[in-house]
Amino acid sequence: MPTLVQLFWLFIKVNLLTTSGPASVGLLYKESVGILMTNADFVQAVSFSSILPGSDALQLAMFIGYSVGGILGALVALLGSILPPTLLMLGVVSILNRLRREAWVTRFVSGLTPAVSILMVFVAWQIFNSSNNGSIAWQTLLIAVGSLVVLLLEAPVPLVLFAAGLLGVFIF
Amino acid sequence: MKSIKLTLWLKLFWMFLKINLLSTSGPSSIGLLYKESVGTIMTEKQFVEAVGFSHLLPGSEALKLAMFVGFAAGGIPGTLVALLGSILPPTVMMLGVVTLLQRFKGEAWMQGFVMGLSPAVAVVILVVAWNLFRSEKSIPRQILLIAVLSFLAFLLAVPSPIVLVGAGILGVILIR
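First to last, the sequence lines map onto chains A and B.
In terms of the working numbering, the first sequence opens at residue 1 and continues consecutively.
In terms of the working numbering, the second sequence opens at residue 1 and continues consecutively.
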């Protein structure tokens with residue numbers, strides 16, 4: 001039971017402090033890996049939620065919820081992710097036009113953005129290092145460089161991830 | 001009157017079901033959503049407003065966008081119908097995949113798959129971070145300052161939520 005409460009609070013927090021699915025990955029990593037799940041589980045969760053159709057954020061939440069507490073965990077994580085934006089929406093929509101002129105909300109989000117980006121750089125580094133035991137394997141480096149090149153050429157993310165996984169099956 | 005509303009709700013529900021089955025994330029669903037909704041249930045101006053506003057509030061973008069569109073088309077009930085249509089496909093799919101994955105967990109090829117995924121996921125996160133950072137055309141001094149301060153804070157292992165809230169508050173104070 002305490003884990004479910006923990007899970008619920010985690011997603012409430014993540015959904016209040018980040019503005020979109022991909023951007024929430026950094027904070028989610030910091031708050032869940034080592035506490036609720038392993039690094040390998042997290043990488044799997046990010047990849048599969050990106051490859052499958054439908055909202056990344058929700059799938060990621062459910063995947064994490066599931067690995068922590070089964071089906072019930074998945075539903076708790078879903079609820080925690082839906083609640084903040086829904087309440088905000090229902091509350092805010094009526095005063096929408098006034099709030100738009102309330103510039104501090106915009107500025108809060110603008111201030112949030114660079115911090116979220118930096119956090120993601122740290123998390124990317126941690127995930128990259130997790131697969132290496134001390135020294136970086138040539139396979140890891142190859143996949144990283146390859147992914148960077150095709151992503152810069154604007155290949156779709158789900159495709160890149162799927163190909164990277166497939167490559168992993170053959171070269172590791 | 002009642003049946004008109006019901007038709008609208010069904011239409012909304014089906015629209016979001018379709019969008020969430022055909023696109024894999026929030027940002028990529030915007031194009032599809034535009035084609036499906038502008039001109040049929042809302043005006044272009046309303047749509048642009050919805051997209052802008054869903055970036056502004058915290059929480060999942062895709063969900064907020066869905067709820068805005070739902071609200072514009074059918075008020076509060078429309079909001080809830082759009083939410084339901086967006087939640088259903090990923091929920092069902094995820095539960096299916098997750099039970100399937102549990103079975104493959106020990107297999108060697110699955111471990112290779114995850115090992116191949118790790119560096120790619122790291123790079124994807126980096127690219128997203130970069131795109132997020134330079135989303136505004138020129139990077140103002142204040143944003144740069146907040147970035148440097150957060151970098152230092154993370155190096156000193158300050159808990160992430162505290163850093164984020166601090167960055168937001170700095171934004172309120174510094175950005176004009």
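Hint data in this document are derived by calculation from the structure and do not stem from the laboratory.
Glycine included, every Cβ here is placed at the ideal spot set by N, Cα and C.
A hint or two may mislead.
Stated by the list, open to error - So the derived list for chain A, only partly shown, Cβ under 8 Å to chain B, looks like this:
hint	residue
1	Thr-3
2	Leu-4
3	Val-5
4	Phe-8
5	Asn-15
6	Lys-30
7	Val-33
8	Ile-35
9	Leu-36
10	Ala-57
11	Trp-104
12	Arg-107
13	Gly-111
14	Ala-124
15	Phe-172
Said to hold, decoys possible - Per the computed footprint, the stretches of chain A lying under chain B, defined by three or more beta-carbons under 8 Å from a beta-carbon of chain B, are:
hint	segment
16	41 to 51
17	59 to 65
18	74 to 88
19	114 to 122
20	140 to 152
Okay, the hints, checked on the actual structure:
{"no.": "1", "hint": "Thr-3", "result": "17 Å, violated"}
{"no.": "2", "hint": "Leu-4", "result": "17 Å, violated"}
{"no.": "3", "hint": "Val-5", "result": "17 Å, violated"}
{"no.": "4", "hint": "Phe-8", "result": "15 Å, violated"}
{"no.": "5", "hint": "Asn-15", "result": "4 Å, holds"}
{"no.": "6", "hint": "Lys-30", "result": "4 Å, holds"}
{"no.": "7", "hint": "Val-33", "result": "12 Å, violated"}
{"no.": "8", "hint": "Ile-35", "result": "12 Å, violated"}
{"no.": "9", "hint": "Leu-36", "result": "15 Å, violated"}
{"no.": "10", "hint": "Ala-57", "result": "4 Å, holds"}
{"no.": "11", "hint": "Trp-104", "result": "5 Å, holds"}
{"no.": "12", "hint": "Arg-107", "result": "5 Å, holds"}
{"no.": "13", "hint": "Gly-111", "result": "2 Å, holds"}
{"no.": "14", "hint": "Ala-124", "result": "4 Å, holds"}
{"no.": "15", "hint": "Phe-172", "result": "4 Å, holds"}
{"no.": "16", "hint": "41 to 51", "result": "holds (count 8)"}
{"no.": "17", "hint": "59 to 65", "result": "holds (count 3)"}
{"no.": "18", "hint": "74 to 88", "result": "holds (count 8)"}
{"no.": "19", "hint": "114 to 122", "result": "holds (count 9)"}
{"no.": "20", "hint": "140 to 152", "result": "holds (count 8)"}
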